[in-house]
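Using the sequences and the accompanying hints, generate a full structural model.
Chains as they are written, first to last, in the working numbering: chain A, 716 to 911; chain B, 716 to 911; chain C, 97 to 347.
Some hints here could point you the wrong way.
Partner residues are not named here, just some residues of chain C that face chain A (Cβ under 10 Å, in silico) [claimed, not checked]:
#1 122
#2 124
#3 139
#4 222
#5 223
#6 226
#7 240
#8 241
#9 246
#10 249
#11 251
#12 252
#13 253
#14 256
Don't read these hints as lab results, they were simulated from the structure.
No experiment lies behind these values; they were computed from the predicted model shown.
C-beta: ideal position from N, C-alpha, C; glycine also.
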Amino acid sequence: MDSHKQKAIVEGLLFTAGDAGLSRDQISEALNLSDSESTDLMSTLQEQYMNDDSRGIEIAVFAEKYQLVTKKDLSDYIKLLADSPSPSSLTQAGLETLAIIAYKQPVTRVQIEEVRGVKTDGPVHTLLARGLIKEVGRNEGAGRAILYGTTDEFLDYLGLKDLSQLPPLPEDLEEDEKEDSDLFFESLKNGLEQKN
Amino acid sequence: MDSHKQKAIVEGLLFTAGDAGLSRDQISEALNLSDSESTDLMSTLQEQYMNDDSRGIEIAVFAEKYQLVTKKDLSDYIKLLADSPSPSSLTQAGLETLAIIAYKQPVTRVQIEEVRGVKTDGPVHTLLARGLIKEVGRNEGAGRAILYGTTDEFLDYLGLKDLSQLPPLPEDLEEDEKEDSDLFFESLKNGLEQKN
Amino acid sequence: MEYTVKLDAFEGPLDLLLHLIQGLEIDIYDIPMADISEQYTLYIKAMSVLELNTASEYLVMAATLMSIKSRMLLPKQDEQWEEDQPFEDDPREELVEKLIEYRKYKKAATDLKEKESERSLHYTKPPEDLSTFSQPVETGEKTQIDLHDLIGAFNKLMRRKKIKKPMSTRITRQEISIEKRMNEILTTIKSHKTPRSFSELFPIAEKPHMVVSFLAVLELVKRQEIHIMQDHNFSEIMVKSTEGVSLVGQP
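Below, the structure is given as structure tokens:
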């Protein structure tokens, strides 16, 4: 594999990983490189991203993981972006978080983050401030994490009488199909057992 | 602002926006450019990303929004490290229903059923739940049946910039023309014979 | 065990008709009604498990076919020759139009499927959390949420692929790769001179293992590395390596 291809793969992987980042092991595994080879590759890339003025992202290392981040000197422009949606509408991050809470409530922040794959403090905060979600209790067990659920106002905004009026998720609709394939494997298994 | 800086800002902004994407307006605003200037800048960048073999991401336009996505030929490497929690691809019934809605929109469920020759409640439901179609109004006249159309999520799901990028609706052109003229003469002949 | 043709194989009566027309190599513009309605009836009789909600649609079509057939058998009437109705209507015309219209969208569905799978090769990332940049807004304005936006956001999220958690947190789960099963299966088959039975390829009766084994077999067939045979219905399926075997009919 030539070095161009390697660099492209690393960029693609880091991009997909988002702020979960990638360990050196994961990079070595994906590229089939030794540890020292991937360390070298990563320092080359770090330098390249850093020194290229036409690039807006760089490779940072947090907690032994490589991840892509925007360059610091762009923060003014990103702030503009943050302010650009009208204050009364939710960002994509906000909508995603709200959707997870609506469908999976009661749910902890960690559970939301597992589904989204990114930190979710900000959106949860915004949703609380806007009265769309609220704390509905504490999780049993260690940590006793806060559980979130939607408010009456949330239903109000969407014009719903109660939560049962939320449209069904595709997963629920496709459960029937899943059962079919389960049945298929069930009978395949039975058939095989009878044979043996 | 020099063009390097512009490119860096665009990359940083696109990275930040993730799959929510950025409209041309947002880019023009952030860079203080005219619409045509930002269109030009974006096509230059699209080409640059695409042609650079050491880059793993490219700039796609889905539903009229620019967004960064990994390049197609890297999917094998990314699959190695990625989970795919994504919902299953659509069933044949779902695809047929979606095709009819996409090409004939706005369209009622009864009209869809006329083409498919079968009840279509299930697929319509699934497509609604997956956010690929939505109610776009009510039919005039008796019954005021719900009219369906496609969503931005539909465009994103299929990787289309806008509806004009839908593959042309297949027509049985060659066959049609040949057969049509055959039929024409056939019936002309029949007609003449009857007349005599 | 009873042999049943699954009605699910077809999307409806139109789909079944198209299938028959193609199979019998019939000209869609000149359908021999007697043949087609006979074939159609045979098919829906074979589909002994008729699901209640779709069965009626198949039966309605059977009736339509019969009616067209009988209209075509009627002796042609000497009709009044009228300017605006120069030719006698073909009783099949409406059906043919429907079939052609349906075929168009069936093909379009295939095109969309292609787009779908192409798009699925592109990976994306979630939007960054920008709330640290913007001040919490204390407007009296109501937050605007649209149900469609909410569903759209959720689906986008579900579509997004995530990088797996690092290996250390996955110790409990054993991953079986298709590639690995393919190699194991090939080794099993090649280590014997005689063909192996299909069920031998599923030694571990656990769902994940069986699924992977099944996919591995399919992939091997696709790559033409193994050959699958069955003497007659319900007899044991046998598997052999294609290595060193010249396929019948090939020079």
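Hints that the structure is at odds with (numbers, increasing): Of the numbered hints, 1, 2, 3 do not hold.
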